[in-house]
Each structure stands twice: as structure tokens, then as C-alpha cells.
Amino acid sequence: METQQSKNYWTTRIRPKTGWFDIDLVDLWRYKDLIWLLVKRDFKLIYKQTILGPAWIVIQPLLTTLVFTVVFGNLAGLPTDGMPRFLFYMGGNIAWQFFANCLNRTSRTFITNRQLFEKVYFPRLSMPIATVCSQLINFFVQFALYIGFVVVYALRPNPVVHLNWRLILLTPLMLLQLGMLGLGFGIIISSVTKKYRDLALLVSFGVHLWMYATPVTYPSSMIAQKAPELLGVYMLNPMTPLIEMFRSAYLGTECLYMNYYWLSLLMTVLIFGVGVVMFSHAEKTIMDTV
Amino acid sequence: MAERLLEVEHITKRYMLGVINARTFTQGLNSWFARKRGRDDPNRKIGADTSHDGELFTAVEDMSFAADRGDALALMGRNGAGKSTILKLISRITAPTEGEIRIHGRVASLLEVGTGFHPELTGRENIFLNGSILGMRKSEINKKLDEIIEFSEIEQFIDTPVKRYSSGMHVKLGFAVAANLAPDVLICDEVLAVGDLNFQQKCLNKMTDVARSGRAVLYVSHNMRTVAQLCNRALFLDHGHLEYDGTVERAIELYSGAGNRDVERDLDAMTRPRRRGEIMRMLRMVVLNSLNMEFQQDGEWRFRLTGRSNIAEQNLRLRVILVNNMISPVAMTQTRAFDVYAGERFTLEVGLSLEGIAPGEYTVRFSLVSDRIGGGSNYYDSIDDVGQLVVLDDPVVNQGFRWEARLWGNVRMRPLDMARVPEECE
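Here the protein sequences come in this chain order: C and V.
All residue numbers for the first sequence refer to the working numbering, where the first residue is 1 and numbers rise by one.
All residue numbers for the second sequence refer to the working numbering, where the first residue is 291 and numbers rise by one.
There is no bait here: all hints are sound.
Below, in silico cross-link-like pairs of lysine-lysine (BS3-like), each with a Cα-Cα straight-line distance of 30 Å or less: (1) C/K119 with C/K44; (2) C/K119 with V/K428; (3) V/K434 with C/K48; (4) V/K492 with V/K433; (5) C/K44 with C/K32; (6) V/K428 with C/K40; (7) V/K453 with C/K40; (8) V/K492 with V/K428; (9) C/K40 with V/K433; (10) C/K284 with C/K119; (11) V/K428 with C/K44; (12) V/K433 with C/K44; (13) C/K32 with V/K453; (14) C/K48 with V/K453; (15) V/K428 with C/K48; (16) V/K434 with V/K496; (17) C/K44 with V/K453; (18) C/K119 with V/K496; (19) C/K48 with C/K119; (20) C/K32 with C/K284; (21) V/K496 with V/K433; (22) V/K428 with C/K284; (23) C/K32 with V/K428; (24) C/K48 with C/K32; (25) C/K44 with V/K434; (26) V/K496 with V/K453; (27) V/K496 with V/K428; (28) C/K48 with V/K433; (29) V/K433 with C/K32; (30) V/K434 with C/K119; (31) V/K433 with C/K119; (32) C/K32 with V/K434; (33) V/K492 with C/K119; (34) C/K284 with C/K40; (35) V/K453 with C/K119; (36) C/K40 with C/K119; (37) V/K492 with V/K453; (38) V/K434 with V/K453; (39) C/K40 with V/K434.
Everything labelled a hint here was simulated from the structure, so no lab data went into it.
Sequences and hints are given; from them, build the entire structure.
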């Protein structure tokens with residue numbers, strides 16, 4: 001019945017889901033304005049009907065860092081590689097929170113947007129991508145504050161903090177990797193949560209535990225000293241080299257085990273790829289079952 | 291030849307029946323264990339029929355049609371005919387099981403207008419959000435912004451958060467966005483149910499314009515008046531199959547019933563809505579006082595109905611609904627309550643007075659219902675198209691007038707009570 005012979009005549013062809021690699025990235029690009037608007041929406045909504053508005057973006061990491069400093073630093077006395085405790089915890093915390101927020105929020109994509117997805121089509125991937133972008137904006141606000149603190153400490157006489165410029169130049173790559181890792185895990189989970197909603201609850205709990213398996217509240221040098229036999233397993237966590245690297249860049253701590261970074265990068269690309277494939281596969285029929 | 295905008299080719303969509311999702315993982319495990327041991331699923335709705343579980347339900351089977359520029363296509367069919375599924379497939383909300391759909395240009399769907407509106411954002415912000423959800427670029431929306439705001443009739447509230455809008459304003463804004471964004475294929479599903487009459491008419495005109503300006507409209511509605519006004523072609527769907535593709539008039543005829551005037555009907559063989567007629571079933575109907583289903587004004591229709599019940603039920607009633615040729619229900623009446631025993635075959639002799647029903651052709655619907663506490667009805671069996679019934683026009687009774695159902699409707703009220711009053715008595 002195909003009457004118009006020209007191959008490019010049809011803008012859209014809707015077919016049954018066939019292969020696993022049926023991903024329409026051109027389509028996603030066409031909706032870039034939507035992604036931008038969704039990011040703007042997220043940002044605007046922070047202001048609406050709150051007293052402190054966007055101040056919440058910085059209040060949360062500041063308070064968390066303070067608690068970490070008191071509990072893990074002053075009370076438990078965990079080492080911080082000789083760095084000021086406040087800076088040490090804040091650096092790890094904002095990088096970790098960026099990753100964790102991306103993961104937590106994107107993992108609920110199909111559940112929170114069900115009503116919208118039931119009514120109208122657009123590339124579903126634009127939702128989690130927008131989520132990651134607005135988390136990135138939040139991160140930049142926190143990051144600016146962090147840089148402020150770092151500069152204050154670095155300008156003191158005989159500073160312990162010194163910037164590692166070579167690593168600082170890699171910051172965009174680190175952020176990209178943090179975002180991709182969070183997004184990758186998040187969309188894998190969201191593709192699976194079409195069946196069981198409590199997986200989403202398990203996720204936020206699991207991410208919380210994961211933080212303690214990552215050098216956020218302590219340095220990985222501590223693992224090397226106290227439990228060297230675990231180090232091989234410990235470094236398999238793709239977040240470990242990332243957090244370590246991020247802290248080294250701005251505090252000048254020694255970045256141990258750089259070779260594990262390549263493993264982390266490989267895992268990130270793999271998880272992100274698997275995530276995109278699983279998500280594209282799930283989005284086609286997920287509305288029949290959610 | 292006109293330019294093709296949409297081709298639907300051998301489309302089939304199947305759903306798995308009975309696979310309702312367990313809400314949580316533990317509930318899922320629970321259900322699985324119960325099934326393993328042959329017990330009832332603890333999470334299933336009580337009384338739900340499980341005999342169809344795991345079976346595939348074919349919502350749409352091997353359907354093919356096409357739409358060109360300028361087509362205003364109506365999709366007609368009773369509930370469960372597959373109309374909504376077809377629209378969902380075309381608007382890419384779910385993927386087909388087999389076949390292919392080809393679209394030239396952009397599809398905008400009014401499956402539910404105003405989706406994606408965020409209550410905290412203003413009308414203006416939502417126009418941009420909604421527009422880009424429908425696939426518009428920002429620059430395109432900017433160009434159309436004034437037109438959209440004007441069409442929505444809510445200029446003065448455009449910078450107010452949408453959460454303060456009434457539901458009518460919500461719909462107006464939603465329709466204004468979708469209809470003004472120049473889609474090549476516009477899909478509408480019962481959008482006109484809301485909004486005041488003026489706005490409904492405005493929407494219909496807009497949709498006619500869309501079709502005339504060389505785009506295609508797919509329209510689903512149970513309102514035959516709007517279908518007749520808007521559409522120039524119609525598809526009639528029945529149980530997932532495309533039965534007819536052609537003129538609107540013929541499709542409305544098909545939809546309003548087969549026009550069957552036999553006086554002996556095998557009700558057992560007739561199709562029913564899903565899950566009806568399973569524990570109680572109407573089997574046969576014989577008309578006693580007509581040979582062609584024609585009746586005089588204010589006459590009586592007498593028939594015998596045979597049925598079977600698998601359960602005992604008190605307070606059962608036979609309900610009869612007359613439907614006019616625009617598929618609007620006109621009148622309802624029912625028998626007094628009666629009892630049946632489990633496994634009983636029962637026969638009723640029924641007389642239906644046609645007093646007050648205007649001359650014309652009507653489709654007859656039968657239902658077996660029981661009273662539910664609180665005023666509702668339990669439906670055991672229902673047949674939407676038992677056949678046609680004709681009330682003959684009698685100019686003598688109508689004082690010389692021929693009845694014009696289009697102008698006067700389907701109810702003939704009693705003659706007005708009137709007396710002349712002497713002038714000075716004012």
C-alpha cells in the first residue's frame with residue numbers, strides 16, 4: 001500500500017519493537033527545546049511557594065557538611081588526608097549528591113510521569129536528561145560556594161590546600177562522568193521499576209548505603225591502611241576514583257590508584273549504554289503495564 | 291492524487307489479559323506463591339473472573355486505512371471496538387504488535403487536552419511547555435503565541451498560575467495550544483465534552499479549518515451531530531476490525547444498528563460488551579403484536595423474552611432503552627423487580643407503552659439489571675442493538691403536522707392545556 005515511493009517522504013514510521021538497538025537519537029535532538037524548557041520548569045518551581053526559594057540549593061549541602069564534620073571528623077576522628085575537615089567533606093558531599101540525585105530522580109521517570117506519558121508522545125529520554133541537567137545547575141551553585149571556601153583556605157599563610165591544575169582541567173569530564181553514571185543507573189532501574197514500585201524505594205535506601213562504600217566521609221587511603229585485603233574490591237566501585245579525583249583537584253590530596261580510574265570510565269560508558277538501550281526498549285510498551 | 295499524510299498498514303495490537311501489576315515486589319511474590327499452590331490470588335479484586343488470564347486480547351486486528359490532506363476522518367464504533375487503541379498507536383503512546391504506521395509531518399493529539407500543564411506555572415509558561423511536548427520548536431511557538439492566547443479567550447489570566455484556572459479555562463487553553471500548532475495530523479478524542487456551547491462550536495470550526503487548510507483530522511466522538519458536521523469520511527470499527535470505510539451517513543447507519551426488523555430474535559447469538567451475559571443471559575425475543583416492528587403512535591409493543599440464569603437473584607429487572615438515529619438515548623423504562631432461581635430458564639411477557647414517543651426509527655437496547663443498594667444497577671447482561679423499532683407518523687393525531695425529529699426531538703408532550711380568557715378579566 002505504500003504509495004509515496006520516495007524513501008524520505010515519511011517523517012515517522014511506527015513499527016513493533018523489534019531489535020534492542022532501536023534508538024532514535026535524531027528524534028531526541030528535535031526535542032531539545034523541550035529539554036531546555038523542562039530544566040527551566042524545574043528551576044522555576046524551586047522558587048514557587050517557598051520562603052527561602054533557591055537558597056535551599058546551598059542550605060542542604062552546607063548542613064550535611066556541617067553534620068559530617070562534627071560526626072565523622074570531630075566525634076569519630078576519621079582522617080581527612082590532612083585537609084581541613086570542612087573542605088574535605090564538602091567536596092566529597094557535593095559531588096556525591098549530584099550523582100545520587102541524578103540516580104534517585106531518573107529512576108522514577110516512568111512512575112512520576114505516568115499521566116503525561118499516557119497521553120502524549122515525545123522521546124521519553126528527554127525527561128531523565130532534563131533531570132540531570134537541572135541537577136547539574138544545582139551542582140554549579142554548590143560548586144561556586146565550594147570554590148569560595150577553597151579560595152579562603154588557599155589564601156591563608158602556609159596553606160595545606162593547593163590546587164592541582166592538571167586535574168582541575170579534567171573537571172568537565174568528571175562532571176560528565178558523574179552525570180552519565182547517575183543517569184545510566186537511574187534509567188536502568190526505571191526500566192525495571194515498571195513492574196515493581198518498591199524497587200524505587202529500595203533505590204534511595206541503596207544509594208544511601210552506597211555512599212558509605214565510597215570515600216565521601218573518609219579518604220580511601222584509610223581503607224588501604226586498615227583493610228588492604230579489601231582494597232581490590234573497594235576500588236571496583238566506579239564512584240571511588242571519581243570522588244577521589246574530584247577532591248584531589250581542588251585540595252591537592254594525593255590521588256591514589258589512578259589506574260582504577262580507567263576501569264571506572266569503562267564501567268560508566270558501559271552502564272550508560274546499557275541504560276539507554278534498556279530504556280528505549282522499555283518505553284515502547286511500558287504504558288501498557290505501568 | 292491527494293497527498294498522503296497517514297498510512298496504517300495491517301496493524302494489530304494485542305494485550306496480555308489478567309496481567310495487572312502487583313504494586314510492590316512483596317505483593318508480586320505473594321501472588322506468585324498463591325498461584326503456585328493453586329489458591330486464589332490475594333491481590334486480585336474479589337469476584338474477578340480469572341478464566342481469561344494469560345490469554346492475549348486482540349484490541350485491533352489487521353487494520354489498514356489511509357488519510358490524505360484535507361481528510362476529516364471519523365472513527366466510529368461501540369465501546370471496545372478499538373478506536374482508542376488506534377489513536378494511541380498513531381500518537382505513539384504504545385507500540386503495535388504487528389504492522390506499520392507511516393506519518394508525514396507532525397501529529398498532535400488532543401487525547402486529553404492540557405496534558406503536561408504544570409499547575410504552578412502560568413498560562414503563558416504552560417503554552418511553551420505544552421507546545422514543546424507536542425513537538426514544537428520554541429521559535430514556532432513564539433510566532434503563534436498571540437494567536438493561541440486570543441483563541442483561548444483567557445488573555446487576562448494568561449500570567450496567572452494554571453492551578454487557579456477553572457476546568458473550562460484549562461480545556462480552552464489546552465485546545466488553543468494543540469489546534470494552533472499546525473500539526474499535519476490532528477487527533478481528537480471526545481475533547482468537546484467540556485467547555486461551553488460557544489467554545490465547542492468554535493473548536494469544531496477550528497477543526498474544520500484545519501482539515502480545509504490541507505491537513506488531516508482524526509475524530510472520535512459518540513456525538514453524531516458533531517461527527518456529521520465535521521467529517522467527510524468515516525470508518526466503522528467493530529471488535530477490533532475495520533468493517534466499513536466510506537461516507538459518514540452509512541457509518542452512522544451501521545453504528546446506530548443493523549436496522550434489523552425481524553420479529554423473532556436469537557439474542558443468544560448477539561454480541562455483548564465484555565463480561566456481560568456470562569452468569570445470566572437473554573436467549574430469545576419474540577414480538578407478539580407486529581410483523582415488521584412498526585407501531586402506531588401511543589401504541590404498545592408486546593413481546594416475549596426468554597432468558598437463563600446461573601445464579602439466584604432477587605430484584606431482577608429487564609430494562610429497555612430507546613436510542614435515536616443520532617445514537618442519543620431517548621427514553622428508558624423497566625419492568626418491576628422479579629426473582630429467578632439458580633439454573634432457571636425464565637420467560638417474561640412484556641408490554642411496552644410507546645405513549646409520548648415521537649414518530650421515527652429507534653434502536654432498542656436490552657439490559658438485565660438488579661438494584662444495587664444506594665441506587666445504582668448491577669448489569670448482568672446487555673445487548674446494545676436488539677433491533678429497530680419504528681413509530682409511525684399519524685398526521686391525524688398530530689393535527690396535520692409531520693413530525694420533524696431534527697427540530698423537535700423525540701418526545702411528544704401532551705397537547706398544551708389552554709383556554710381563552712375574556713379581555714376585561716386582566
